[in-house]
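K.L.:
Produce the entire structure from the sequences given, and follow the hints as far as they go.
Here are the chains, one letter per residue:
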Amino acid sequence: MADIAHDVPIAAEAPPPRSTGALGWLKANLFSSLTNTILTLLCIALLVVAIPPVVRWALIDAIWHAPNGQACHGDGACWAFIGEKFRFILFGFFPVAETWRPVVVVGIFLLMIVAACDRRMWGRRLGILWLIGLCAVFALMRGGFAGMGKVETAMWSGLPLTLILAIVGMLFGFPLGVLLALGRRSRLPAVRTICIGYIELIRGVPLITLLFMASLMLPLFLPAGVTIDKLVRAQVAFILFAGAYLAEVVRGGLQAIPRGQIEAADALGLSYFQRTRLIVLPQALAMVIPPLVNTFIGIFKDTALVIIISLFDLLTTAETALTDGAWQGFYVEAYVFIGVIYWSFCFFMSRYSQLLEREFNRGRRR
Amino acid sequence: MSDAKADSGTMIELQAVHKWYGDFHVLKDINLQVGKGEKVVVCGPSGSGKSTMIRCINRLEEHQQGRIVVAGIELNADLKNIDAVRREVGMVFQQFNLFPHLTVLQNLTLAPIWVRKLPKKEAEETARYYLERVRIPDQADKYPGQLSGGQQQRVAIARSLCMKPEIMLFDEPTSALDPEMIKEVLDVMVSLAEEGMTMVCVTHEMGFARTVADMMVFMDRGEVIERAPPKDFFANPKSDRTRAFLSQIIAH
Amino acid sequence: MASEDAALSIAPARPPLWRDAKFRGIAYQIAFVCAVAGLIAFAVHNTLGNIGRQNIATGFGFLRREAAFGIGESLIEYSPADTYARAFLVGLTNTLHVAALGTVFATILGTLMGLARLSRNWLVAKLARVYVETFRNIPLPLQLFFWWGLLNKMSPGPRQAWQILPDVFVSNRGIVYPVPFANPVYEWVGAAFCIGAVAAIGFRRWAKQRQARTGQQLPAGWVTLGLIAGLPLAVFLGFGAPLALDTPALKGFNFSGGSSMSPEFAALLIGLVIYTGTFIAEIVRAGILAVNWGQSEAAMALGLRSGQRMRLVVLPQALRVIVPPLTSQYLSLTKNSSLAVIIGFPDLVSIANTTMNQTGQAIEGIAMIMAVYLFLSLAISLAMNAYNRAVALVER
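Chains as they are written, first to last, in the numbering used here: chain Z, 1308 to 1673; chain L, 134 to 385; chain U, 11 to 406.
None of these hints come from the bench; they were simulated from the model. Treat the hints loosely; a few may be bogus.
[Said to hold, decoys possible] Taking lysine to any residue pairs in the SDA-like style, the calculated list, with each CA pair at most 20 Å apart, reads: (1) U:Lys32 x Z:Gly1381; (2) Z:Lys1537 x Z:Met1462; (3) U:Lys163 x Z:Met1462; (4) Z:Lys1334 x L:Gln198.
[Said to hold, decoys possible] Sample of chain L residues at the chain U side, in silico, Cβ under 7 Å: (5) Asn191; (6) Arg220; (7) Met224; (8) Asn230; (9) Val248; (10) Pro252; (11) Lys253; (12) Gly278.
Values in this document were obtained by computation on a predicted structure and should not be read as measured data. Where is the CB? At the ideal position from N, CA and C, for every residue including glycine.
P.N.:
Shown next, in the form of structure tokens:
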């Protein structure tokens, strides 16, 4: 083989046509082998069988306006039902005249969540914003001043209730979770045992039992004459529940902190509380933000369980709307409506969490 | 090291090989011939396509244009051919890629048992022989996680040798090792070369190249720029790009 | 020596009590325990007072009383004349029944969908993704209501029942499907199956030893299949293939014959399987992706074929990553079966709820439910920890 030397670089050429472009993509991804071709055809068959009837039901044959339930029964969906009922499904028993209040409340919540997603806000500013937001939410829902009528918590229902239960549960459950996680890693055996016991107890039982416990047993735990609001009972259950699950998430972050960090903090003379507050926690929490977001999504979904203790969250109001004598039998329409609301919220939160995870992985040494 | 060019049979032949990743032209018109017992060292800056080229030889990457013939077998989409080629070609990776859930001995006997269908005892004898050859006979029952980097790479070399391949490919075998462990791996590779194994080696270790190589191949931006025996390659590089590259490497 | 004595007599000075780390540790613990104990004592005190005031009974004596309520479906014999204890047992068996079936089907569905997401076929991967993203982001209670609404309220009466498969009908009375008539032949078939299974195990062992000795491989997979499936089939055919199916047939207002599944059970099972399947799919996918691509490459470079690569290199490593979160999903599914109460399936929580309403003894009822679920959690955790210890990768 002769020695060779190339001084003039070879120009890059375009790849052969069958291997790129639309045809190449089809070949590689859908028809690359016999099994693949069969699978592709099966999938196409499935889509052809499934999609047209759904489109026909949801759009083509759908009835968009109807005076009552009787007139709305047909081959297609009855979206008139949603048109009639959506205010009730979304806001429940809140006085109709004051509907602007829960609307603003939902807006405030959405703003708070979007603000939390913006990384530039992370820090003390976010904490203050959330505090103000929460106070505004409760003030608006309760009313009783500035011309707004007082609305008892029993009337709070629908989407605002779902958001309150989930967000307040996370907000108060978070410090509880951090304390439990720190306690679980404590060297003091009594503290460690109690924390482990609490976490395993709460995580080992279904949320339904906690809701029952809060609903039925909490009144028994309090001195005679002290009553506790039904909403508060459920909220306590969610806080205790969130605390235990968040404790495990935070524990993961704490475990990932290299020993060297703690040793460096000790060498600098920091006390336990100082090193936890200034060194360990900031790093641990930053690491576990994606799982934290996932836990929040889970708790948001779990709020639908309060139907068993007769709290009127989004799912319960939908179920109640279905009991209207004049509009009978529109189950699928109602479930699709609230399904889309739940799904949108959870889906976009989970996309955000995946985005965060990718960014964190990029920053870390691989 | 050896002066005589390989005589009987060409072991590896690449003719006008092109490869694209999507629209990116990663291998441009590669022509290469490696004879039996010949040792070829491929060098070049990162992104030059040298790893991609060597991985085309055992079909870990597919080429879109051109011909590749290994040990007389044409490499194409035919699974039978691919299996046959992989039986005859051993590969050592930069990241070792030992199987962590198996002991060292099991790592070595896995392929001989399941691909060459050897009885267990025979496979184990071969395995212990090669462990001896790479000078870590006492680690047979340890797990890869318990070994140092240099030991793991030597086990990886032994694992490929247990299949008694005709050709050995090395893809930057020492780049992931701590400096004090590089020598032990290079020693094994040198002794392998001295026994007449056909080798294609992608590496930055120029000292090793000078000792062992019959042919140096310099690649840059997907093409083979220069090909020459080490004596001429290091003393009289003909291309500007080769000169530039060598000055960067040999500088320290 | 003198210097040693001198060294021994120089001990570090004891710090004042309030700065002594050990003392402080004990003090904190005592304070913490006292605080928690105080809280509990406060709650207990109030509870006793309230119980007395509201005349609520205490103790577990109520379990011996007659339950006086009917239960819609049960795996064991039950009548309203039975005790509350027996009612609880019915609830427990129902929960375990749904949880066991749900676990099996969710694993199958989840594994298939997880593998589908990894498929090179774009359409298959995308459809699997749609499945996962859709059902993962909708709350389970809503999904249960949907399936129950479909099966219970929207399905027609038996006379207009939907026929989804030959002889399988869906109506608002439930799903009916054919089952074979009891026949002594099935005992022989069952025996053949057991013999086949034992023979298959024996064959595999012998084949493995033979491979170790001679290196030759036998198609153990096919032989196993032949023995486990073929032998019973041969026996079945040998007896003249008596395939008499008890098919459901419409008689009057309802189906008779065949076997049936209540809408509640079906809705619960379908909802749980589809929902948990999404999480299992993601776990399986993550497990397989977690195995370094270099492992597959090394296996390829050694000449191992695709099936061998999967079996010998990828799957053993993937399973280590998959099993811990998988068992956590099983636990989750078991806990989620408690949602049965919202669609009226009589599981443990549902029956306990009825009991608590009737007897007013909320504390005992909730304590019993929690005890059962805690026991299940502990059992699953212990099993998982044992598995993890057994297969942990050995490292420095």
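K.L.:
Against the structure, test the hints numbered earlier, and report the numbers of the ones violated in rising order.
P.N.:
1 and 3
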